[in-house]
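Trainee: Given the sequences, and given the hints that come with them, work out the whole structure.
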Amino acid sequence: MSELVAQLIWNGLVTGALIALVALGLTLIYGIAGFIQFAHGEIVALGAYNFMVFHKLMGWEIIPAVGISVLIMIIIGLILERFFFRPVREKDPMIPLVISIGLSIGLQAIILIFFGPNILTISDKTHASISIFGDKILATPSQIIAIISAVILMIGLGVFLKKSKIGKYLRAVASNREVAQVFGMNIDNSMKWIFGIGAGMAALAGIFLGFEQNLEPLMGVHISVKAFSAVILGAVGSIRGAIIGAFLIGLTESLLVGMGVIPSGFTSAIPFVILIGMLLLRPEGLFGNRFESLRR
Amino acid sequence: MKNFTIGLILGILVVFGYQQLNYNPSVNSSEAIVIGGIAPLTGDAASLGIQTQEISNMRVEEVNKEGGINGRNLEIIWEDGKCTPGEASRAAQKLIGIDKVSVILGGVCSGETLGATPITERNKVILFSPISTSPEVTHAGDFVFRSAPSDSTQGMVLADYANKHFKRVGLISENTDYALGVANVFEEIFEGEIVREDYLSTESDFKTRITKLKNEKLDALIINPQSPPKYEIILKQLQEQNWKTPFLVNEVAAGNAESSIKFKDFLVKNKTVGANFIVPESDELNDVLQKYEAKHGKKVEYLNYTGTSYDGINILIHALSQVENISDTESIRDELYAIKDFPGLLGKVSMDENGDVNITYTLFEFNGEEFIPISE
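Heads up: the sequence lines are chains A and B, in that order. Under our numbering, the first residue of the first sequence is numbered 1, with each subsequent residue one higher. Under our numbering, the first residue of the second sequence is numbered 1, with each subsequent residue one higher.
Since the hints were made in silico from the structure, they are not lab data. Incorrect hints may appear among the rest.
[Said to hold, decoys possible] If we take Cβ atoms under 7 Å as the criterion, some of the chain A residues that face chain B in the derived model are:
id, residue
1, 9
2, 11
3, 118
4, 142
5, 252
6, 254
[To be verified] Below, simulated DMTMM-like cross-link-like pairs (lysine to aspartate or glutamate); rule was C-alpha separation at most 25 Å, straight line:
id, chain 1, residue 1, chain 2, residue 2
7, A, 56, B, 219
8, B, 298, B, 240
9, B, 217, A, 3
10, A, 91, A, 178
11, A, 136, B, 353
12, A, 56, B, 265
13, B, 291, B, 75
14, B, 269, A, 3
15, B, 244, A, 135
16, B, 291, B, 301
17, B, 217, A, 135
18, B, 217, B, 365
19, B, 291, B, 142
20, A, 56, B, 240
21, B, 244, A, 3
All values reported here derive from a predicted model rather than from experimental measurement. Where is the CB? At the ideal position from N, CA and C, for every residue including glycine.
Mentor: Here is the structure:
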């Protein structure tokens with residue numbers, strides 16, 4: 001394999017891993033709560049800004065700064081669930097959807113008020129790249145950590161949903177909320193879990209994204225557009241579908257543009273082309289019907 | 001009671017609306033002269049817009065303290081053009097339609113200036129840009145002027161340098177009116193091969209483009225961003241992929257050494273040359289810089305645009321002082337065309353028949369601390 005292809009595949013994997021972390025939260029929330037959380041992108045951005053405050057401004061080491069930022073975002077995720085989504089849970093799904101759009105705009109405004117419109121750097125240090133796979137690929141430490149973390153989290157989430165008692169509860173609720181309730185399962189707790197997990201993974205994605213591309217108020221919007229496409233590509237509500245969809249988008253973007261198959265000016269259009277194509281040809285996504293991964 | 005309340009609200013709206021319709025500050029001879037200002041006050045290019053706003057306001061305050069323009073104070077109403085044609089067009093409509101201005105200082109980004117031009121030309125409103133450098137501005141209209149040089153000479157000096165030193169270059173360029181202006185002139189004049197990669201202002205991931213360019217066996221890379229933050233992200237990702245060719249950079253990069261200093265070892269090792277225009281050392285320049293620092297508690301970020309902004313507002317003030325009626329934009333236009341050897345920070349400034357100034361670009365090299373002029 002040539003150095004070019006190897007590097008492009010690596011770039012695609014990095015992008016795919018970041019999209020996957022965001023897409024997992026979206027698909028989990030859709031699978032269980034039944035609506036698309038449009039403010040998920042802002043959780044990504046807030047996670048990154050939080051990390052910047054603790055690591056760069058307050059001088060915390062990377063690992064504690066990541067820990068506290070993820071924790072704060074989990075708490076924010078729980079607050080959003082409790083005060084904005086729980087009161088309308090039994091209403092028409094259009095209502096929480098509209099609330100999430102409003103929250104998205106509100107959280108963007110909060111970022112603008114506290115951090116301003118300019119692009120900020122997440123750290124003053126620039127990390128040199130290291131060669132991997134026999135000098136064929138240049139990768140930064142943050143990229144390697146992002147890919148490893150994403151893979152661990154994806155496997156961990158899969159095991160959690162399949163093996164743990166709470167995971168089984170969540171899958172039961174995703175499969176049929178009313179029946180699960182009849183069997184005594186606590187819907188409030190299920191919602192807390194998925195909003196917490198979703199927000200935590202989004203925060204982590206935001207931190208990795210900050211290392212890759214610096215911080216700006218709309219950083220979450222750009223990646224969540226790709227994550228929406230990944231979720232639809234894979235099958236809305238499917239964990240496996242979201243992961244495969246995310247990596248397919250990351251790799252397609254990188255390889256098609258990098259190999260010169262399509263002009264680089266069309267990079268931003270790729271997720272939309274995939275999304276429209278998928279909706280026209282196979283609206284149920286690559287992995288069949290809704291919730292299949294959560295149910296199994 | 002309900003009818004009374006509705007009647008009261010309607011009455012207030014009618015009275016307030018009538019007052020608004022009659023609010024015409026720029027033609028009331030006893031009150032302040034109000035002009036409009038369009039600049040990117042938010043977004044990637046905000047640092048350019050805010051500095052322009054601060055320099056212009058500082059000069060206006062000085063003029064007002066000295067007695068104003070023919071006894072009348074000057075005031076600028078600023079609108080955020082967000083560095084986009086659409087926002088600038090809306091800002092121009094608001095300034096002309098609601099604030100009734102007959103002169104607008106701006107835009108800052110070329111896209112803003114070109115976006116506002118159809119509105120200002122139709123209303124015969126003066127549009128005076130202190131920074132826009134796109135070659136398209138030259139023929140944008142009879143009421144359009146600027147105090148910054150045209151990019152046609154920027155693209156030309158970069159291409160002349162590249163013709164002497166390189167055969168095959170990469171060009172990574174932002175998809176904005178300003179950056180495309182530089183890129184297109186460069187492409188026209190450069191005799192060698194170009195591998196060009198354009199990107200949208202919303203993009204922040206350049207890894208794939210850099211990998212692709214790296215595989216093209218280039219002699220040099222031209223980096224042509226619209227704003228310093230994008231320049232920094234591109235440099236970060238170039239450094240991460242161990243880029244090893246000389247760089248040619250546009251004035252956004254060469255005019256703001258702060259961004260380059262963050263990557264100084266990388267840029268010096270690869271040799272970085274940029275295009276910019278010279279702001280000659282002078283007592284007046286030092287005075288402006290000191291006043292700015294005292295007022296804002298920081299140094300100017302862009303020395304080159306300090307020169308064009310300061311000269312721009314001064315030229316405009318001079319033209320306004322020469323006319324009897326501020327609404328007579330044809331007279332203001334004629335005064336601007338008549339500008340010749342106007343003493344400014346950039347030297348003796350003259351306006352040509354297209355509303356362009358006689359300032360040209362030259363080459364600078366980054367030495368790790370600043371960009372210093374070189375002769376080629």
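Trainee: So, for every hint listed, does it hold in this structure?
Mentor: Hint check:
1. For residue 9 (chain A), the interface hint is violated, since its Cβ never comes within 7 Å of a Cβ in chain B; the closest pair sits about 10 Å apart.
2. Checking residue 11 (chain A) against chain B by beta carbon gives a least distance of about 4 Å; that is within 7 Å, so the hint holds.
3. Among the interface hints, the one on residue 118 (chain A) holds; its C-beta lies about 6 Å from the nearest C-beta in chain B, closer than the 7 Å criterion.
4. Annotation: residue 142 (chain A) was flagged as interfacial toward chain B, and the flag is violated, the nearest CB pair being 9 Å apart, outside 7 Å.
5. For residue 252 (chain A), the interface hint is violated, since its Cβ never comes within 7 Å of a Cβ in chain B; the closest pair sits about 11 Å apart.
6. Against a cut-off of 7 Å between C-beta atoms, the interface hint on residue 254 (chain A) holds, since the closest Cβ of chain B lies about 5 Å away.
7. The straight-line distance between the Cα atoms of residue 56 (chain A) and residue 219 (chain B) is roughly 37 Å, outside the 25 Å bound, and the hint therefore fails.
8. Between the alpha carbons of residue 298 (chain B) and residue 240 (chain B) the distance comes to roughly 31 Å, so the proposed pair goes past 25 Å and is violated.
9. Of the supplied pair hints, the one linking residue 217 (chain B) and residue 3 (chain A) holds, its CA atoms being roughly 13 Å apart against a limit of 25 Å.
10. This hinted pair checks out: residue 91 (chain A) and residue 178 (chain A) have alpha carbons roughly 14 Å apart, not beyond 25 Å.
11. For the hint pairing residue 136 (chain A) with residue 353 (chain B), the CA-to-CA distance comes to about 57 Å; that exceeds 25 Å, so the pair is violated.
12. Of the supplied pair hints, the one linking residue 56 (chain A) and residue 265 (chain B) holds, its CA atoms being roughly 22 Å apart against a limit of 25 Å.
13. With a C-alpha separation of about 20 Å, the suggested pairing of residue 291 (chain B) with residue 75 (chain B) holds against the 25 Å cut-off.
14. Restraint check for residue 269 (chain B) and residue 3 (chain A): satisfied, since their Cα atoms lie roughly 24 Å apart, inside the 25 Å limit.
15. Proximity of residue 244 (chain B) to residue 135 (chain A) is assessed by CA-CA distance (about 16 Å); at most 25 Å being required, the pair is judged to hold.
16. A C-alpha spacing of about 14 Å is found between residue 291 (chain B) and residue 301 (chain B), which places the hinted pair at or below 25 Å, so the restraint holds.
17. Using a Cα cut-off of 25 Å, the hinted pair residue 217 (chain B) and residue 135 (chain A) holds, with the two alpha carbons roughly 18 Å apart.
18. With a CA separation close to 23 Å, the supplied pair residue 217 (chain B) and residue 365 (chain B) stays within the 25 Å bound.
19. With a C-alpha separation of about 35 Å, the suggested pair residue 291 (chain B) and residue 142 (chain B) falls outside the 25 Å cut-off, and the hint is violated.
20. With a C-alpha separation of about 20 Å, the suggested pairing of residue 56 (chain A) with residue 240 (chain B) holds against the 25 Å cut-off.
21. Note on residue 244 (chain B) and residue 3 (chain A): the hinted pairing holds, with a Cα-Cα distance of about 16 Å set against a maximum of 25 Å.
Hints 1, 4, 5, 7, 8, 11, 19 from the list above are not met by this structure, while the remaining hints are.
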